[in-house]
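K.L.:
Sequence:
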Amino acid sequence: RMAALVRGLRRVGRVDSSKYLRFLSVSTDLIKKLRKVSGAPIKDCKKALTETDGSIDDALEWMRKQGTKIRGKREDNEASQGLVGICAGSDETMAIVELNTETDSAARLEQFHELVQGVSKSILEVACDSSSEELLDFNRNQLEELPWKSITVKDAISDAVLKIRENMFPNRGARVSVPGGVVAGYVHNVAKTNIPDVKMGAIGVVVGLKGASSEKSNEAKELAHKLAMHVAAARPEYLSKDEIPEVVRQSQESLLSEVAKSEGKPDHVIEKMVKGRMQKFYGETCLLDQTFLIHDGADSPPRISKLLQQEGEKLGTSGALEITGFRCFRIGESV
6 RMAALVRGLR
16 RVGRVDSSKY
26 LRFLSVSTDL
36 IKKLRKVSGA
46 PIKDCKKALT
56 ETDGSIDDAL
66 EWMRKQGTKI
76 RGKREDNEAS
86 QGLVGICAGS
96 DETMAIVELN
106 TETDSAARLE
116 QFHELVQGVS
126 KSILEVACDS
136 SSEELLDFNR
146 NQLEELPWKS
156 ITVKDAISDA
166 VLKIRENMFP
176 NRGARVSVPG
186 GVVAGYVHNV
196 AKTNIPDVKM
206 GAIGVVVGLK
216 GASSEKSNEA
226 KELAHKLAMH
236 VAAARPEYLS
246 KDEIPEVVRQ
256 SQESLLSEVA
266 KSEGKPDHVI
276 EKMVKGRMQK
286 FYGETCLLDQ
296 TFLIHDGADS
306 PPRISKLLQQ
316 EGEKLGTSGA
326 LEITGFRCFR
336 IGESV
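For the sequence shown, the working numbering gives the first residue as 6, with consecutive numbering after it.
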């Protein structure tokens, strides 16, 4: 009867009989096995096994290619949702990554959380000079080429796209390393996950700190954590004035000068006004020039630069503590 049905369908051009028979011959055990390995829907598992004559390895590769095709079709879709994850490699090293997707519901899926974890771990595994401070930044292309088990991050995301059916990508990442120092992080609006070693949320910050004695490393790490909280709230763009690109500095000075001229101020006054207002600009954009927001003392909160001097007297080995670098990612901010 089945053969007669296939012959009849073939005559009217509705089915390829050989493919249809292969589809029927795929065993339930094979489908279960592929589903366990891939996590893909039963329908996709059966189709993959049909196309590859029941080979699990070939079926996985076939599914990955399908995921790449789907990803290509959806790449123009806005993906401003997702999660920022931070992961510690040790007290001296931490990774941060922003993984974007189209909807908040997709960002709540366990498989999406596993992607954030995997990319974070891949960043930590990149070879580095263990004897010097490092702040390594990774763009989307660099992140996608990082190894992920036996494949790449790009392949892992293609696998996830086949199941989640949304545009997703690792937008940016970084690793802060401070040999002999400490690195700490902070995550705002922490997401509920089953992955304890990676904190995920809407905002993530990592801060590197050096200069504390080894006996005071716990206190130094707590200070770095508070500094990370400050960064999340105060939103500095640079560590110090020295990091501001000259074109940005000149543009701001020109803008402030024009504002002063529009107020009818004489030239000798304009120069002083620009200088004073640039100090305000530095206080808004440079971490070391900002007033510490996580201050819990009775006295007035100090500037971050002054705070590092004060804490250096308590925790340090030779003068002020030093922030070696920081990164703050807000989900969707740079998409």
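Rather than coming from a laboratory, the hints here were simulated on the basis of the structure.
Source: prediction; values computed, not measured.
Be careful, since some hints might not be right.
[Said to hold, decoys possible] Straight-line Cα separation of at most 25 Å, BS3-like style, residue types lysine-lysine; simulated pairs:
| # | residue 1 | residue 2 |
| --- | --- | --- |
| 1 | Lys38 | Lys231 |
| 2 | Lys197 | Lys221 |
| 3 | Lys277 | Lys266 |
| 4 | Lys41 | Lys168 |
| 5 | Lys266 | Lys221 |
| 6 | Lys319 | Lys221 |
| 7 | Lys246 | Lys221 |
| 8 | Lys41 | Lys70 |
| 9 | Lys159 | Lys41 |
| 10 | Lys168 | Lys197 |
K.L.:
For this structure, which hints from the list above don't hold up?
P.N.:
Checked against the structure, the hints that fail are numbers 1, 2, 5, 7, while the rest are satisfied.
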